[in-house]
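Participant: Spelled out, the chains give:
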Amino acid sequence: MQLLTPAGERVASPEYDPWVGDVDDAQLRDLYRDMVVVRRIDTEATALQRQGELALWPPLLGQEAAQVASARALRSDDFVFTSYRENAVAYCRGAAPVELVSVWRAVTATGWNPYSINMATPQVVIGAQTLHATGYALGIQADGADAVAVAYFGDGATSEGDVSEALVFAAAYSAPVVFFCQNNHWAISEPVTLQTRGSLAARGSGFGIPSMRVDGNDVLAVTAATRIALDRARSGGGPTFIEAVTYRMGPHTTADDPTRYRPPAELDEWRKRDPIVRLEAYLTSRNELPDDFRAEVQAVADSTAAELRAGCIALPDPDPLSIFDHVYADPHPALEQRREWYAHYLDGFEAAP
Amino acid sequence: MQLLTPAGERVASPEYDPWVGDVDDAQLRDLYRDMVVVRRIDTEATALQRQGELALWPPLLGQEAAQVASARALRSDDFVFTSYRENAVAYCRGAAPVELVSVWRAVTATGWNPYSINMATPQVVIGAQTLHATGYALGIQADGADAVAVAYFGDGATSEGDVSEALVFAAAYSAPVVFFCQNNHWAISEPVTLQTRGSLAARGSGFGIPSMRVDGNDVLAVTAATRIALDRARSGGGPTFIEAVTYRMGPHTTADDPTRYRPPAELDEWRKRDPIVRLEAYLTSRNELPDDFRAEVQAVADSTAAELRAGCIALPDPDPLSIFDHVYADPHPALEQRREWYAHYLDGFEAAP
Amino acid sequence: MSTLTLSKAIGAGLRRAMETDPKVVLLGEDIGKLGGVYRITDGLQADFGERRVLDTPLAESAIIGAAVGLAYRGYRPVCEIQFDGFIYPAFDQIVSQVSRMHYRTKGAVRMPITIRVPWGGGIGAAEHHSDSPEAYFTHTAGLRVVACSNPQNAYTMIREAIASDDPVLYFEPKRRYHLKGEVDLEAPLSGQSAGRSQVLVAGTDVTVVAYGALVQTALDAAAAAEREGISIEVIDLLSLSPIDYAPIAQSVRRTGRLVVAHEAALTGGVGAEVCASITERCFEYLEAAPVRVTGHDIPYPPAKAEGHHIPDLDRLLDGIDCALGRPNSRSGMGAGS
Amino acid sequence: MSTLTLSKAIGAGLRRAMETDPKVVLLGEDIGKLGGVYRITDGLQADFGERRVLDTPLAESAIIGAAVGLAYRGYRPVCEIQFDGFIYPAFDQIVSQVSRMHYRTKGAVRMPITIRVPWGGGIGAAEHHSDSPEAYFTHTAGLRVVACSNPQNAYTMIREAIASDDPVLYFEPKRRYHLKGEVDLEAPLSGQSAGRSQVLVAGTDVTVVAYGALVQTALDAAAAAEREGISIEVIDLLSLSPIDYAPIAQSVRRTGRLVVAHEAALTGGVGAEVCASITERCFEYLEAAPVRVTGHDIPYPPAKAEGHHIPDLDRLLDGIDCALGRPNSRSGMGAGS
Ligand SMILES: Cc1ncc(C[n+]2csc(CCOP(=O)(O)OP(=O)(O)O)c2C)c(N)n1
Ligand SMILES: Cc1ncc(C[n+]2csc(CCOP(=O)(O)OP(=O)(O)O)c2C)c(N)n1
Ligand SMILES: [Mg+2]
Ligand SMILES: [Mg+2]
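Protein sequence lines correspond, in order, to chains A, B, C and D. Just so we're aligned, residue -14 is where the first sequence starts under our numbering, counting upward by one. Just so we're aligned, residue -14 is where the second sequence starts under our numbering, counting upward by one. Just so we're aligned, residue 8 is where the third sequence starts under our numbering, counting upward by one. Just so we're aligned, residue 8 is where the fourth sequence starts under our numbering, counting upward by one.
Since the hints were made in silico from the structure, they are not lab data. Think of the CB as a built atom: it goes at the ideal place given N, C-alpha and C, for glycine as much as any other residue. Some hints could be false.
Straight-line C-alpha distance at most 16 Å; calculated EDC-like pairs for lysine to aspartate or glutamate [claimed, not checked]: (1) B:257 x B:-6; (2) C:30 x A:128; (3) D:311 x A:302; (4) C:113 x A:304; (5) D:30 x D:172; (6) D:30 x B:128; (7) C:311 x B:302; (8) D:40 x A:242; (9) C:311 x B:38; (10) C:30 x C:57; (11) D:40 x D:57.
If you want the footprint, here are the derived chain A segments under chain B, 3+ residues with CB under 8 Å [as the list claims (entries may be wrong)]: (12) 135 to 146; (13) 150 to 159; (14) 173 to 182; (15) 185 to 193.
Chain A with its partners taken away, still in its complex shape (with noise of 0.2 Å):
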């Protein structure tokens, strides 16, 4: 599914129009503030990996429609499990910026409460949270409830036991949740093709649960897309599985040397179908994107990037006796003595001459 051209043209669609009616200009021009907004995050926390700041940085580059356009067609209320490169959802739901870079800089565990912004904490485990997404769908059902639960993976995930055992348990029970995957071609130096001879959305077909396939740094597409199936998880219809096609323009992490594996030409092919671009060229074409519009957005972006960088430096390194906190909920006497003995031992160190 496609309703803009990597060339930024309009593409009328019958059966997907009316599902993105009601998306002027003006959500356009929010979509793109996003979008820019949220490469800007990622350039600066890039930029602070390299300069020691962080640890590391996953960048989430040419992913900016798929990201934005799905999380910004939510509901608070919905709620949302992702892997570790969802930083533009998080700052779609309310993250700020610092509290998307805290856990790379290895201080804390995650950067959020996750009911603060119905969104749980970024899942290492390759899959994992899919079946997150899929129980949290359960009990929405059991409460009666209209929400949605959004699992967001990659196109290697798909591979895991996991996330076929996520589909089958929300297609057992018409689950409402929503399968985002962004296929972004590689998995690390895996190409997709390593992980599927078919298309991905094929994938969730076969569990009979609906898929679609859609240009995935086409904000009009991903929102028609997204809209779609929450309207069918609210209505009771259950779960749908998306791939979104996108294209990860940069290294895996700031740790992965994509030179290695991956052909030059097809990055410059994907450079053409930046969803940025994509957009400003679409918008520009309507007059719909005055110098003064791009200014702010700058402004925003720029601003952004220093509150990300502030906060990021001022972040303080964790209090050594910490790590002992919230490993259980309930009173754990062993646990609260080895605390003591620790803080005990810490101790001897100060007061040693």
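Chain A is already provided as a structure; the job is to place chains B, C and D with the ligands on it using the hints.
Facilitator: For chains B, C and D with the ligands alone, kept in the frame of chain A given last:
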């Protein structure tokens, strides 16, 4: 796909008939004999369990066509990985009757040497063997051989992550493996509709694997499907997924009581599609099931059952110290020492007055 | 007071928990209409409906992973793993998700998940139906691990497990499912009791620590030893993680001798931890090295030979003799080198 | 002799094994073109082809399960698990299949599978990239478990692991990947050496047992203690299952004091087993309770705090003081009750 109706009428199929063109009445009688014998084995083993001679038995009643026709389509150098219910497959591969029950008498970990009949020992962990078959197929591929690995598993198994991962791997490498799923409609007390909304064959397709749904109680259809799959695998075409639709007419195991969960009408319905009755009807309609042949078959079945019973009852209890055998292939002094200690411990009882 | 079997006591505890808290939901294979292969959940789906007692597709990782999501949403899922040997497909979800989510979210997200595991050997079962995987979980921070041993504690502990805001692995000794006993259905719950080991028999010569099915064997051993004039103190761990060492240490300070018994393999089992911890606590009081009476370091053998694998009364008495320095099977064998 | 880093030594060992035996095949995520995230397999796919060095789909259970099938067919698969924390999805295949297949088939089917695990903390990594799961495997009969600690033993032991007809978990201490050392590429293999612990420093006052990354720390501790006039004997376990107790017992009979160190959690770790086993063997020789210096019973913490979790030189020296009864952090704290 169906080539023989439940009433035993031959249905022409331009697509599949060529695959069973050579299956003449003599061959059908052979399949008939196998089915009758394995049903007799099944009955005898169930009786042995009721009499306390076996700890447990998983009957295959109703699945004779699916197992016999597929197993008889294999070459001896193909390698088979099954679950616990494929006793007819083991019989066709050449397992002696007593070898089918020795594990269920709990006196040994395996009934046969896998290399003697090119079939792995039954797998109890649901779905695990599908990965073994896939790995074996990678070995065939690396050897440049044209053998095929075959994985048998149930409808319930399709929900396990391992089975999905096996499909992913098989597709990724175009491995010469056949996934033979016996959809017998139940996984203990759970109907297949809990495991999937659509057909299971659709599941295979979703992984990019050519898939077929066949009447599993129809020896001809099963033969055709298996041959198509084997031919594809041998000629470099990669994996195939076969859903053989059949029915578990008995309990899950002798420990199970299906009246707790299964509508009796369903069983009645499937009795009308009994695979043996069907082939009987077809052969009888062609006057190809003379009384003397039926008598011969009955004699083989009875003598096989007698052999099974005699062999079963004669099986010795395991030697106590044998529990230390084969834990490791290379020497393991610590375990040797433990064995010595335990022998010494046991000797103490004999020495005691 | 009611007389119940251990299995019925668990069922009664589940029912009670479901009545008390609408957030308690059950997930597992065949737990609905069938009531589970051991009928523990018999009647619960009929009474509480399909939304609270979920027959799940055949996928253990998903059972636990879905429970994580339900807990995220404020539920208290109780998962049944059909047999001990089928918990491994869910291992990743248990050790990387269930055990760490509260830590990962700095306490924001609780994981009040109970994982019920019909457990252990001695029932003549097929492969993978007699495993003792408890040590994998006691080595995993963030989990609590308990093992019931009689109808009363089975009833109380399942309720406590469900009431705990932490994830609890609840091990049920299959071969004691039919053990009968008086159960006080109104016995008070204790937030602490999950961590409290219990002295069942007072004694002065040797401290015997057991849990699960072997508690009964330890009681038998105490009776048998008594007839020989040896006084055994029997302690039921009840909680395997954390272990409440106070009663054990007190006991060993008096007896000077310790025997720990379990069905699981010797190497790296719970016995190793108990022996090491008690040696740390009671070194000066020990009159002999603590003794472990355990399964061998072998895969679970064919059931006809299982009596040679898992410790029985004789093996335990032999271990007690060893702790007492009396003639025993290890005498003169050396303990390796 | 060549000077190699530990990581290059493993790569050299893999290459040598592949040259020697055409049945050796490699499986793992990103091990082909990329050469693995740690570049251990760098260049191997280019030289041996895609049929012998398989980049696999992203599925750990399948990597191990496929290796089982390859072993069935007569191959010797070497699997790379990308990071310690990602071995759990394969847990079922490892403990229910790999470890038991030889037993299950009464020796007919061999499982010469090597599972390489980049392992442990201290590298500032994200969650699940610093786990120490070795005790799960040492508790599992049918597996062998080894841990290398320097370039020479890394090279020799990977070759031995691949040559073994048993499955071997091969743990690679990530934070020592860059450790350089002389490697004799022609050093003889020993069918036994996988089970042989090694005395690295002779000493008389305390026996310190370590493995993997902490061997280096133990050597540092021995040097530091020596400056204080304390003589430490350092033993590298090398094999965690089985453990070769002879050198340790001999040492403890002389020193009377034992310290065991590991990064993994205290409870149920390898240290518990070593302490229990050595107490069994050397009870009369022990002058103090064996001491464990280990990670805490917590999930792996954020990396900026990892130095407070995994033992370092000071923690080890503190443990040595404890074993010697010298003033130390535990003095006056009691060991719980
Ligand atoms: C269970 C597990 N195995 C391996 C890894 C290591 N790993 C981290 S990211 C990654 C690739 C993921 O690819 P994909 O799902 O396509 O997501 P993307 O990185 O492209 O966003 C791998 C193999 C992991 N984190 N978890
Ligand atoms: C991993 C695992 N989980 C649970 C079980 C318990 N169990 C044994 S058979 C069975 C049902 C299998 O159903 P299916 O795959 O349809 O095979 P069938 O019994 O119908 O032949 C279950 C749940 C098991 N053996 N392994
Ligand atoms: Mg990707
Ligand atoms: Mg079935």
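Participant: Hint by hint, work out which the structure violates, then give me just those numbers in ascending order.
Facilitator: Hint check: nothing fails, all pass.
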